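**Student:** Sequence:
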Amino acid sequence: MRLPDCLFAFIAKLAKKPTFKAIVIWSLTHMTFALPLKSIIKNSEWSVFHHPNPKYKIHLLLLPRKAIKTPLELADQEPLLLKSLLLTVNQLVKDFQLENQGYRMIINGGRYQDFPLLHIHLVSGEMKKIAQLHENDEKGRNDRGFYDR
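The sequence shown maps to residues 17 to 165 in the working numbering.
Hints were generated in silico from the structure; no laboratory data involved.
Certain hints may be false.
[To be verified] Cross-link-like lysine-lysine pairs, in silico, DSS-like; alpha carbons within 25 Å at most:
(1) K85 x K110
(2) K71 x K29
(3) K29 x K99
(4) K33 x K82
(5) K144 x K54
(6) K73 x K54
(7) K85 x K58
(8) K110 x K73
(9) K58 x K110
(10) K145 x K71
(11) K29 x K82
(12) K58 x K71
(13) K110 x K71
(14) K99 x K82
(15) K99 x K85
(16) K29 x K110
(17) K58 x K73
(18) K71 x K85
(19) K73 x K144
As the structure is a computational prediction, the values presented were derived from the model and not from experiment.
Please model the complete structure; the sequences and the hints are all you need to start from.
**Tutor:** Given below as structure tokens:
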């Protein structure tokens, strides 16, 4: 299911406001059942969904079930969760038969992180053409998915 761009942008903007940040993070880690997305994998460490606004032919979103704000926290404080991430990705690669197609794991941080919560993108295939993406992408990304700022 693709979320309307305005709803996706609203949630991302809301998540950056201090008063709502904790609510959004808590909801994404503890109430994934309420998201309008079908789970691919849901275990004690990770929830995996098709990205609500996919930019690639295969675009999966991995959310930790624990509130971790940045990739740095994952590496420093959660080595077992990092191992479980790799095992989950291995399972997804097998399930989606990506071994021969190729795939990438994308982890955004700092100003490139739309939500103040660690999330991992597992993508495969070429990025969709600009015309297929948001016509007026407020984030200012170029055609390769990078910020020009």
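**Student:** Would you mind marking each hint as holding or not holding in the structure?
**Tutor:** Verification of the supplied hints:
no., hint, in the structure
1, K85 x K110, "28 Å, violated"
2, K71 x K29, "20 Å, holds"
3, K29 x K99, "31 Å, violated"
4, K33 x K82, "20 Å, holds"
5, K144 x K54, "22 Å, holds"
6, K73 x K54, "17 Å, holds"
7, K85 x K58, "20 Å, holds"
8, K110 x K73, "16 Å, holds"
9, K58 x K110, "16 Å, holds"
10, K145 x K71, "9 Å, holds"
11, K29 x K82, "21 Å, holds"
12, K58 x K71, "23 Å, holds"
13, K110 x K71, "21 Å, holds"
14, K99 x K82, "14 Å, holds"
15, K99 x K85, "18 Å, holds"
16, K29 x K110, "35 Å, violated"
17, K58 x K73, "22 Å, holds"
18, K71 x K85, "23 Å, holds"
19, K73 x K144, "7 Å, holds"
When held up to the earlier numbered hints, the structure conflicts with 1, 3, 16 and fits the remainder.
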